[in-house]
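Engineer: The lines below spell out each chain.
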Amino acid sequence: MNQRKQLVVVGHGMVGHRFVQAAIERGLTETHDITILGEEPRPAYDRVALTSFFERGAEALSFLPGGAYDDPRVALRLGAEVVAISPRQRVITLASGEDLHYDELVLATGAFPFVPPVPGKDLKNVFVYRTIEDLEAIRAASRKAKVGAVIGGGLLGLEAANALHQLGLETHVVELAPRLMAVQIDDAAGSTLNRHIETLGLRVHTGAMTEAVLGKDKVTGLALKDRNPLDVDLVVFSAGIRPRDALARAADLDIAERGGILVDEHCRTSDEHIWAIGECAAPGGRMYGLVAPGYTMAEVVVDALLGGEAGSFTGADMSTKLKLLGVDVASFGDAFATDEDALEVVYADAVAGVYKKLVVKELASGGYELLGGILVGDASSYGVLRPLVGSGIELPDNPEGLILPAARGGVSTGSTTDMLPDDAQVCSCNNVTKAEIAAAVSDGGGCDSPACVTACTKAGSTCGSCKTVVKKIVEDHFASVGRVVDRSLCEHFAMTRQELFEVVAVHGYNRFDDIIEGHGRGRGCDICKPAVASVLASLLNHHVLDGANATLQDTNDAYLANLQKNGTYSVVPRIPGGEITPDKLIVIGEVARDYGLYTKITGGQRIDLFGARMEDLPAIWKRLVDAGMESGHAYGKSLRTVKSCVGSTWCRYGVQDSVGMAIELELRYRGLRSPHKLKGGVSGCARECAEARGKDFGVIATEKGWNLYVGGNGGAVPAHAQLLAGDLSREELICYLDRFLMYYIRTADRLQRTSTWLDEIGGLERVREVVVDDSLGLGSELESSMDRHVDSYFDEWKATIEDPEKLSRFVSFVNAPGTPDPHITFTEERGQIRADLVDGPVSLGASIPVGAP
Amino acid sequence: MTTTEARRVAPSRGTSDGAYRDAGTAICPLDRIARESGVAALVDGEAVAVFRTYDDQVFAISNFDPFGRASVLSRGIVGTRGEEEIPFVASPLLKQRFDLRTGACLDDPAVVVPTWDVQVVDGMVVVGARRETITSCEP
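Residue numbers (UniProt numbering), protein chains in the order written: chain A, 1 to 853; chain B, 1 to 139.
Bound conformation, chain B alone (with noise of 0.2 Å):
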């Protein structure tokens, strides 16, 4: 299982955009995603949604709902599940729930959601790259 922590890039220099377009899409300041809530942000024309928890880590995953087949994730509720505590958002549809750090279903573990690097730079989260497609079972 792959777990990702936000992490702070120093910006070249200066504020502007051209200091995060090597880390990615630079969607929106922290500030503006209340803690444990998401976003829907447009990235590369994709619609991904852009989590903070509670401990101000950001998580990205796909908005589009395999279940719903509508594009919503970033309407959800997100909480933690368990001892070891694992970030979810459950769909604003049907409350499938969905691990924030992987997209992996927790309900149905043969449905994982794509996912993408996402980091705070400099108080602006820029989400990067698209992830390779990675499924629970995997180390």
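Bound-form chain A, shown alone (with noise of 0.2 Å):
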């Protein structure tokens, strides 16, 4: 008999849904129906990134957008709760009452946040800090509360304060132990962490121990052992985390002594057919809050169900790396150098606030092996030191080069991959080889870059930190079989667009013809024309019809307009910030009538007229700038509109003037040619009306200035701008988007986008780097540049029909400019114009009188 098994899964968070994946994946759901049952409203989400939710929203967390999978043997159950587990007669029963059978198993119930018995513990604004709802509601509680305390200084309790400072609230941090992050770092790497923290203002209280919370109803105070009470109305508790076990302990399994459901090395608990995996499991008595342990459990029940050779789970690398406020941390491996053999090896640098200390031991052949380390304010060489760890490599003989800074002796950590053996784990959270990322770039791999490695491997998709290291391995393989990287702008220049900007910036090229002769190949084509135009309009900022230019401008922008269809132009006078006087729309209006002009509301917030015939174009532009008007650069890889909503001004939600901001930006940026078009957007609240997260740099007005949000994008594959820095003034926001669109500027590929720029260059992390912290020193240079190109901008429609040579290229025929060209033609629709196509060539006959100029 050939019956299909019915598997249960308990809990849908992190574990159980990579558990569902794996069973998908591997082939599990070919033999058993999968029921997967989740207590939370809402599907799967990234639980280790929680903090973001703030900004990302709960969508951007989702493993399961859709809520649903894929397979159809798979059915996910969300708001339903088990209560019973009857394990001889293999039913659960649900809270609707609901009884449901299984064959097999898998409890991934998670854990619950421990709150201390402490008195007023049950008052209102006294949260925890684990899901969605409790963000959402600590949100609710924010407005109303000034000063909020986290209990609780470890990992998670860090994230909290941090979530608490970004919701505006003076954040305190109360530590029982006498170091924050005990559990992974030590005294000095504690106090560095503290001095960090407290330069963003937040007030660490270490050696801390919480008697009570204080209050009626509502918080109003906390107080300290042998310390004065603070004075705070909101309190979130993050001592800890507790296994789930309560419903295996009902049923009878066996629990460990410390908590958690006792699991054998397959994870299978004291009855066969119910597994545990993730932090309601105890494998070996003990219980890991980290997801990687619960995703390598996931993986050895697949195994086992599969019913081949059984993985087996014996204990976890427990490192962590992480960003608190701002702030590198990492720990790994043997931090605190239990080893009695154990050597320490420290760089400090209280300064710069930067503490680095690896812990090492001597082998029989006199050099080190790496036991484990631990890294605060600079965690950069974490990828390449981790996968060390057990993997019995010799270091360098100077091991503290592997810390020091470069400029006082120490070595890259990109140069060091290679230290790596083949089987060193490089993602730690999905268990992925150095070896495997090199067979998904070999031959039979397919992947041709990082990002498909990480899509088709898993490495670095869920902390990130080892994308740095997963580049650098496939870089590395590349180059070893002799791969090149044909990056490549065309067969005419063999070097990217970058280093074609650097090339022209360092000769001070203002021609074509010198760059072609001096670095390219052949007469260049319709790839690298444009591109150097850009370059050239980018450092110039000369008239892009100027001279010799005219000829490597792309199609509209060698006629200043957009080529449409049947070979008319549209023309888009710019409207900044999507403001204008109604004089100036009854010009256009004008204008549109006079010429027959379709006319249509573009996206951005201004008035697109289509149907223009290119001999029309001057005098069309005459008029529009006799009214005041000027070019729109809708044709220009360049900054098209800031779009606004209307602010405060008018909204009666609005906490800053959007429209006079998105005016500001949009006149200081007009006219700068970039790779790819550039859109903006400024809202003036958080209901974000100017859907400027959708723009490749969004500012949102916030009570206490201007959040400021890069590389979002409509298009074909949307994306939403990230958060570069919050609550700027007027000065710091032009200042970095002054460095950020200008870093753009320089290091885009051809037609890239600021998204796709943005995760090629190294993330949102790297561009904060550079434009925020100023980490490479070009802040000043890039903000010159900016300067320069504002202070030489020109009208370049108001220039064209200034100079007669410029418009000599606007007619219809060079023999004939007085014959309109015979092959374009409209149909009329709703009362407009419409392009029509003709068939084939039109021939006016050889009646048509021509004489030559």
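Be aware that a few hints might be false.
[As the list claims (entries may be wrong)] The following label-pair restraints were derived from C-beta to C-beta distances:
{"#": "1", "chain 1": "A", "residue 1": "315", "chain 2": "B", "residue 2": "94", "range": "53 to 61 Å"}
{"#": "2", "chain 1": "A", "residue 1": "653", "chain 2": "B", "residue 2": "107", "range": "48 to 56 Å"}
{"#": "3", "chain 1": "B", "residue 1": "94", "chain 2": "A", "residue 2": "57", "range": "36 to 44 Å"}
[Stated by the list, open to error] Computed list of lysine-lysine pairs in BS3-like fashion (alpha-carbon distance at most 30 Å, straight line):
{"#": "4", "chain 1": "A", "residue 1": "600", "chain 2": "B", "residue 2": "95"}
{"#": "5", "chain 1": "A", "residue 1": "806", "chain 2": "A", "residue 2": "584"}
{"#": "6", "chain 1": "A", "residue 1": "121", "chain 2": "A", "residue 2": "225"}
{"#": "7", "chain 1": "A", "residue 1": "565", "chain 2": "B", "residue 2": "95"}
{"#": "8", "chain 1": "A", "residue 1": "121", "chain 2": "A", "residue 2": "216"}
{"#": "9", "chain 1": "A", "residue 1": "584", "chain 2": "A", "residue 2": "677"}
{"#": "10", "chain 1": "A", "residue 1": "121", "chain 2": "A", "residue 2": "218"}
{"#": "11", "chain 1": "B", "residue 1": "95", "chain 2": "A", "residue 2": "677"}
{"#": "12", "chain 1": "A", "residue 1": "600", "chain 2": "A", "residue 2": "584"}
{"#": "13", "chain 1": "A", "residue 1": "323", "chain 2": "A", "residue 2": "458"}
{"#": "14", "chain 1": "A", "residue 1": "622", "chain 2": "A", "residue 2": "565"}
{"#": "15", "chain 1": "B", "residue 1": "95", "chain 2": "A", "residue 2": "806"}
[Unchecked claim] Among the chain B residues that face chain A by a calculated CB cut under 7 Å, a handful are:
{"#": "16", "residue": "27"}
{"#": "17", "residue": "28"}
{"#": "18", "residue": "36"}
{"#": "19", "residue": "37"}
{"#": "20", "residue": "40"}
{"#": "21", "residue": "41"}
{"#": "22", "residue": "42"}
{"#": "23", "residue": "45"}
{"#": "24", "residue": "54"}
{"#": "25", "residue": "64"}
{"#": "26", "residue": "69"}
{"#": "27", "residue": "70"}
{"#": "28", "residue": "71"}
{"#": "29", "residue": "85"}
It should be emphasised that the hints constitute simulated quantities derived from the structure, not laboratory data.
Even glycine gets a Cβ: it sits at the ideal position worked out from N, Cα and C.
Dock the two chains into a complex; use the hints.
Structural biologist: Structure, rendered in structure tokens:
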């Protein structure tokens, strides 16, 4: 008999989801129907990134935004609470009273936050930090609160403190242990971290025991032992987690001494048909509060249920790397040097706030191997150092070089990836080795980029800390097999746009001929010529139709208008921020009427006039310019619009003048040529009516200033912009935007939008380092090149209609300027013209008189 | 494949229109066409795109883009392809490239646009007769 088995999974968190994914991928659904029950109202989401909920929203965190798995043999039921397990009948009972039969049961119930039994813990405005619902409640309460305290200075507590800080609360962190993150880092690292956090304006109280939460109905304070009470009106407990093992206890399964469902190395409980994975499980009696061990357990159970060679769970790498309140913190391996032969190598720079410690051990050969380490303030070498632990690899002769800054004898961690053995685990969240990454990009693997490797192997897809190492391994692999990743612009230039930009800037070229003679071959094409034109325009801000430049311009730039399908053009005057006077609106209407143009409102809050014949463009623009309008650069790879909502000048909800800011930004960056089109948006409050996060740069007003988001776009692959910096003054906002845009213009590839550029250059963190922290010292240079752009701006249509030489290009036929192009025809639709196409060339016949000019 | 060099034809006398009549339609002085660009001209009622390359050769092909079905080829970017430096224009609509010498589409050999004889006579660009249709497959 070939009956399908029923597999029930209790808990749709990160680990439960991972289990189902692995079960589908590895064929378990060929023999089993899976029912997965989630208690929360939404499908599994990325709890590791919980803090980013405020800026990214629930949708971005979701692992299953559609709410269903592709495999029809998997049923996901949300809002389904399990209240009992009957192992003998193999039945579970739901809160609704429904019974479900199972052949195999997997418990992935996770953990709950531990709240110590202090008086006042049940008052209003006391929260925990575990689910999206918790965060929503904290956010709602924070609107009326001023001061918050987080009880617990561990990893999660600092995440919670970060959240309160982001919500604009004055924030205290109360930790019982003598230092922050006591489990992961040592005293010296703890005090380095303390200083960083206090610099940000948070107050840290270590060695402080919470005696009571004060208040009658709502929190008014926090009583600490032997210290003055804190005046706070919001409290978040983050004092550790406890396994959710109550169901298992009630079903008489074996429970570990310190809690958690006791399982063997295959994650099987004391009942042979019940398995437990993730935080609710205690393999060998120990529970693991990280996601990576949970993922491993999920794979182990899939192994066992497939019935083949079963994997086993024999302990986990508890390494951690995270960015807390903008501070890098990492701890890996034997961080506390518990091995009796361990030696410590420490580098500390109190001024810069950097602390790095390596724990090493002498090998019989006289060299050293790495046992573990702690990094605070700069964890860039984590990706390379962690896989060295336990690899048996001998460190270089001077292990301190691995943690010293480059200027003081340090080695670039990039060059150390080749030290890694093939079986080194590069991604600890998803257990991906260096060999697996290399296999993915080898001939059989089919990946051709780091992003593809991340998608296919999952390396770097959870916490992202290994992404730079993945990238380096991929590049090294290509180099080792002699495969040149061809990043040439085209057949004429064997260089990227970024390299081309540098070449042009360094040599001070201003002519295409000099550039291609010096650095290219042939005479160029429709790819490199517009790219050179864009680079020259960004650097020189000259008129794009000056001299020989005119022949480099792409279709639309060549005539300063957008070519449409029937050979006519569309015209878009600039309407900064979408604000326009009735008089200008009337002029636009009159021009459209007089030239018979089709008129449509654009998505960027301006007006597009279609169907203009090339020879009419100068006269059309003359009227627009005379009425005080200027080019909208709708035809250029350049700044298009800065969209705005109406903002505080009219809106009842607005907190800042979004229209004024949008106009200022649009006028500042108008005419700026860039690798691709650039769009901006400014919203006057968090309701975000300007859809600013769908733009390359989006500005959203806060009570205290402006939040700057970057890297968004609409189009075929939409991307939400990400928060670069918050609560900025006008001056800071413009400074960061100047830097961001110039950095993008210098380093992006041809036709690369900011979102893909951001990913390629190393993500938001990297851009923040360069733009906000000015880590490359480029800040003032980027700002001054933007200043030059702003100072040298001119309206290119006004300049065109004043220059007879440029105007001479705008004719239908060079030898018959009075004859309109007979191919251009229109039909009428809804009271306006519509472009029509002809079937073939249209002859006017030889009778039309034609004279040589 | 046919290669056409621009030939200089000695004018008979003077520089009036009559001087070029035998050669075809005088459309403009060579200087009116920027190097590596094109202009549209009306030749016997038909729209012809006339190009001047880097080395001052001139070429004339139909202005009509058979892919986009619009009369626009003279507005495309002029460049060269490959070691043999085939001069081409890329349509401004969807960027298909056409060999300026033969009118053959470099991206789709089945498509060929008509070509015209063209020469520079005493500094004046003169478009002659429309050529017999050729395909890129012919020798």
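Engineer: Against this structure, judge whether each hint is valid.
Structural biologist: Going down the list of hints, with the structure as the test:
1. As the Cβ distance of residue 315 of chain A to residue 94 of chain B is approximately 60 Å, the hint placing it in 53 to 61 Å holds.
2. Checked against the hint of 48 to 56 Å, the pair residue 653 of chain A and residue 107 of chain B passes, with Cβ atoms roughly 53 Å apart.
3. Between residue 94 of chain B and residue 57 of chain A the CB atoms are about 38 Å apart, so this pair conforms to the stated range of 36 to 44 Å.
4. Simply put, residue 600 of chain A and residue 95 of chain B have alpha-carbon atoms about 26 Å apart, close enough for the 30 Å limit, and the pair holds.
5. With a C-alpha separation of about 26 Å, the suggested pair residue 806 of chain A and residue 584 of chain A falls inside the 30 Å cut-off, and the hint holds.
6. Pair hint residue 121 of chain A plus residue 225 of chain A holds up; C-alpha atoms about 16 Å apart against a cutoff of 30 Å.
7. The straight-line distance between the Cα atoms of residue 565 of chain A and residue 95 of chain B is roughly 13 Å, inside the 30 Å bound, and the hint therefore holds.
8. Taking the CA atoms of residue 121 of chain A and residue 216 of chain A, the gap is near 11 Å; set against the 30 Å cutoff, the hint holds.
9. Between residue 584 of chain A and residue 677 of chain A, the direct Cα distance comes to roughly 26 Å. Compliance with the 30 Å bound is thereby established for this hinted pair.
10. For the hint pairing residue 121 of chain A with residue 218 of chain A, the CA-to-CA distance comes to about 10 Å; that is within 30 Å, so the pair holds.
11. With a CA separation close to 19 Å, the supplied pair residue 95 of chain B and residue 677 of chain A stays within the 30 Å bound.
12. For a cut-off of 30 Å, the pair hint linking residue 600 of chain A to residue 584 of chain A stands: about 16 Å separates their Cα positions.
13. In summary, the hint linking residue 323 of chain A to residue 458 of chain A is supported, as the alpha carbons are separated by about 21 Å, within the 30 Å threshold.
14. Between residue 622 of chain A and residue 565 of chain A the CA atoms are separated by roughly 25 Å; this keeps the pair inside 30 Å, and the hint holds.
15. Between the alpha carbons of residue 95 of chain B and residue 806 of chain A the distance comes to roughly 24 Å, so the proposed pair stays at or under 30 Å and holds.
16. Taking 7 Å as the C-beta cut-off, the interface hint given for residue 27 of chain B holds, the closest approach to chain A being about 4 Å.
17. Given the 7 Å rule on beta carbons, the hint for residue 28 of chain B holds: about 5 Å separates it from the nearest Cβ of chain A.
18. Interface restraint check for residue 36 of chain B: the shortest CB-CB distance to chain A comes to about 5 Å, inside 7 Å, so the restraint holds.
19. Contact between residue 37 of chain B and chain A, as hinted, is supported at the beta carbon level, the nearest pair being about 4 Å apart and thus within 7 Å.
20. Interface hint at residue 40 of chain B: satisfied, since its Cβ lies 5 Å from the closest Cβ of chain A, which is below the 7 Å cut-off.
21. With its C-beta approaching chain A no nearer than about 5 Å, residue 41 of chain B sits inside the 7 Å limit, and its interface hint holds.
22. For residue 42 of chain B, the shortest C-beta to C-beta distance to chain A is roughly 4 Å, which falls under 7 Å, so the interface hint holds.
23. Of the supplied interface hints, the one on residue 45 of chain B holds, with its beta-carbon coming within about 4 Å of a beta-carbon of chain A, less than 7 Å.
24. Nearest Cβ of chain A to the Cβ of residue 54 of chain B: about 5 Å, under the 7 Å cut. The hint holds.
25. Because the smallest distance between the Cβ of residue 64 of chain B and any Cβ of chain A comes to about 4 Å, under 7 Å, the interface hint for this residue holds.
26. For residue 69 of chain B, the shortest C-beta to C-beta distance to chain A is roughly 4 Å, which falls under 7 Å, so the interface hint holds.
27. For residue 70 of chain B, the suggested interface contact is upheld, since its CB lies about 4 Å from the closest CB of chain A, less than 7 Å.
28. The interface hint given for residue 71 of chain B holds, since its Cβ lies 4 Å from the closest Cβ of chain A, which is under the 7 Å cut-off.
29. A cut of 7 Å between beta carbons decides the hint on residue 85 of chain B: the least distance to chain A is about 6 Å, and the hint holds.
The structure agrees with every numbered hint stated previously.
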